[in-house]
Amino acid sequence: MKDTIKKLVETWGPSGAEHRVRALIEGEIDGLADETQTDALGNLIALKKGDGSGKKVMLSAHMDEIGVIVSWVDEKGFVRINPIGGVRPLYEAMGRVAFENGTIGVIGLEKMEKPDQVPPFEKLYVDVGASSREDCPVQVGDFGSFVRPMVEIGGHLTAKAMDDRIGCAVLIQTLRELDSSPHDVYFCFSSQEEVGLRGAMTGAFGISPDVGIAIDVTGAGDTPEPQSKMATQLDNGPAIKVKDGGMLATPWVKEWMIRTAEANAIPYQLEVLAGGTTDARAIQTTQAGIPAGCLSIVTRYIHSPSETLSYSDVLNSVKLLLAMLSKPIES
Amino acid sequence: MTLEALSNAFGPSGCEAKVRRVVIDAIADKVDELQVDHLGNVIAHQKGTQYPTFKVMVSAHMDEVGFMITHIDDNGLLHFTKVGGIDDRVLPAKVVRIGPSEMRGVISVKPVHLTDRAERNKVISYDNMAIDIGVSSKAEAERLVDRGDYAVFDVAFEDLATSSSPMAKGKAFDDRAGCAVLIELIERGPYPFDFWPVFTTMEEVGLRGAQVAAYRVMPDAAFALEGTICDDGPRDGDTSPTTAVGKGPAISPMDRSVIADRRLVRLLIETAEAEGIPYQFKQPGKGGTDAGAIHLAKTGVPSVPVSVPSRYIHSPVCMLSKEDLRNTVRLMTATLQRMTPDVLSTR
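As they're listed, the protein sequences go chains A and B.
Residue 1066 in the working numbering sits at position 236 of the first sequence; the count goes up by one each step and never skips.
Residue 355 in the working numbering sits at position 343 of the second sequence; the count goes up by one each step and never skips.
To be clear, the hints were calculated from the coordinates, so they are not data collected in a lab.
Treat the numbers as computed from the prediction; the structure is a model and nothing was measured.
We put the beta carbon where it would ideally sit given N, CA and C, even for glycine.
Any given hint might turn out to be false.
[To be verified] Covered stretches of chain A, as calculated for chain B (at least 3 residues, CB under 8 Å):
| id | region |
| --- | --- |
| 1 | 840 to 853 |
| 2 | 861 to 870 |
| 3 | 892 to 904 |
Based on the sequences and whatever the hints tell you, model everything.
This is the structure in structure tokens:
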């Protein structure tokens, strides 16, 4: 599974330009689903049919990653950028960005008046090795994403775009290992999550499931002075979401996840996330409302080029999903 | 010119009837079907000549930013709230039109003689301002105005006597410029596909009309026409304007509300280059448009915003180049002629 994760996280795909990730996933799941389709917003939806006795279950993981878009090229060929999704200049300065045409650039930072100040986005520029506007290989409107290969550190994996290619990897693996299920399972690889759950909104409307589960990353509270005080820790198993900034998990969906984990001796932890939300919110609020929950992979340094998570948590997430899908659902 | 009538019409968000009248008069005999929905959107339809089941929606919003009267005080002054986004700094000493009769009033201001330096350097909040309609009592004011009456800036459309480029000034070019373009597109129809021109309501308060119109039409693709932010004046350093006057229609790869469909962006660029029509990109990430609501309707709609650059929008007076307006019509006409189901068959 590590090979799949590596391919996924190293693929280029900011929000609205997920086509390469989609093509990769199409290859990975080739022949495994009964039907696949790509909708108007670029969601890739694969259906694995059940035996007809179960429910319509939607699993959603987003293909897009945070990135940048070119807003201006100055006369010396330096490129100005605007963020796509929640990009933090502090995390990206002096790193590298790749544009769709293969151009690589260094993210430079203008001199700060106060050196200890957090840089605003306007202070960033991209150096693509050009010397004038005319010879600059990128133009206004071009999309870019950050560059950082995956490495293993201890039992952990670190890379850009773990948010949410790890969810995509979990869905792919679940689809690979799902022999039979009572349920019609829709694997939705969604687009444009980082700019406001946009893909999941239209994906969920089209699928119109009986229940939906997002698979996404969540924060970790186990580092020195963590960014947010959370009980979640790496290596303690998949996190079952109770609440985040945009969703209260439907109680029976949460209970279904907990019950299944306990019955199958799969480690789990409960998650309460203060800010941010997932595709589950879009699913829960589409049409007349749909029961929804979220299985989270606890991740350190989210929205940085070194998003770090536990491989054992990933394997246990697949186990939990498979166990949940193998039996009828009591709601 | 239609833009003149559209610009002069009174039509803040939720009160678009007079703009709707101008629109309907201009298009009624040129479309196969015309309906006004529950939110006041004008939804028109020209049947396709070649691909009758391939639906393309083109939208422009009829509403403008304005005001609503909240209470009338004992002196007969009208207090107000804002409808849509308006900077308080542009309000004092402006003439406004109020209510169904469009009677004039002035947003009151203290003479410079009576203000000290500190006061002059401060922005007054709109809730500390009032509209003076020249009466001296509450009773007198109440005979003329009701609470809940709307008001808009009072600025007449006018061509400017410039030699270099044909400029015009007026109010509400955001988005009467888009409405003017859309009316022209209807006049040049029909098109190979099923054409759904939609004049929307309540964009300035959150894309509300477009949301329900897109749900009803549920097109295969959509273009949102806008009169958009233009800040091409002198700048600090070598930085980007959002758009610039005179450089043609602005294609938006991304704004706050939508990431444009890549295939439609490509089609617009290829068309502009093939036809020699000038175009520019709107600086990504700025502003929101009806495309933001349209692309999220039901199972989703590939969408892109195309805009006429307009200086000073959301203020009493906007300024645009009629050359940009013409080039927007040219680009959209040529793009629509190339708009076949094939455009969306690739990813």
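* Violated hints - listed by number, lowest first -> Of the numbered hints, all hold.
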